[in-house]
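Take these sequences, add in the hints, and give me the full structure.
As given, the protein sequences belong to chains F and X, one line each in that order. Numbering of the first sequence is given in my numbering, commencing with residue 1 and proceeding in unit increments. Numbering of the second sequence is given in my numbering, commencing with residue 1001 and proceeding in unit increments.
Possibly wrong hints are sitting among the right ones.
Short derived list, chain F residues pointing at chain X, Cβ under 7 Å [what the hints assert, rightly or not]: (1) Tyr26; (2) Ile56; (3) Ile126; (4) Ile134.
The hints are simulated quantities; they were obtained by calculation from the structure and are not laboratory data. Each residue gets a CB set at the ideal place from its N, CA and C atoms; glycine is no exception.
Chain by chain, the residues run as shown.
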Amino acid sequence: MVVQTRLFGNLEVREEEVYVFPAGLYGLRGLHRFVFVAPDPDGPMRYMQSLDDGDISFVVLEPARAIPEYRPEIPEEERASLGLDGETPGILLVIAVLPEDVREMTVNLRAPLVLNPAARLGKQVILPDDRYPIRHRLFG
Amino acid sequence: MLVLTRKLDQSILIGDDVEIKIVQIKGAGPNAQVRIGVVAPPGVTILRKEVYEAVRAENLRAAGSTRPLPSAGIFERLPPEGAGE
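Below, the structure written as structure tokens:
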């Protein structure tokens, strides 16, 4: 399918690339289908493009590579709701905010995205642990 | 909004499986604090409303900030901490 997007123009998307977020995202509950676009396959950043609203996209990061010390415990029932278990660890991503000066970039460590790549399912999880900030500065 | 009066250790039930209990009452007046215990089935998300609202606002801020990245290799190209422009 071809999806018209603000960021990428007409974006060619294969059905098997689509991730479904049954609950949407906080504040954007109506958006359920997303696709991830990697500007640089070797880098930690991805664009997360909504297929339901071509104007909406996010910059997301794989914290395993950008913030290695960030290893939050995802509540077991959240993992189970995505079909994740010991054998299917899943993928963790954090959503970034890009201010004018990119060095001021922050990521939301309190509400990461958890993905099951095999089932193409995703969910935004608000962690119960208060120590994870919603605005974590990435660069110092 | 339904408003109920409860005493310490009293509960209210929401449906069959959500229980909200007054665990502690501290102080009086506008600075009074109430500790509340919640029993709910796994999978029911329980959050302080401020956290929920903050995450919601941050998602909208993030969506509004998306733009083409200056370069794909931004992590490699940013000056090290304290190096300045």
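Worksheet entry | Satisfaction of the F/Ile56 interface hint, Cβ to chain X closer than 7 Å | 5 Å, holds
Fill in: chain X contact restraint for F/Ile134 - C-beta distance below 7 Å
Check passed: Cβ of F/Ile134 comes within 5 Å of chain X, closer than 7 Å.
Fill in: F/Tyr26 as chain X interface residue, shortest Cβ-Cβ below 7 Å
5 Å, holds
Fill in: Per-residue hint verdict: F/Ile126, partner chain X, C-beta under 7 Å
6 Å, holds
Every hint, counting from the list given before, is met by this structure.
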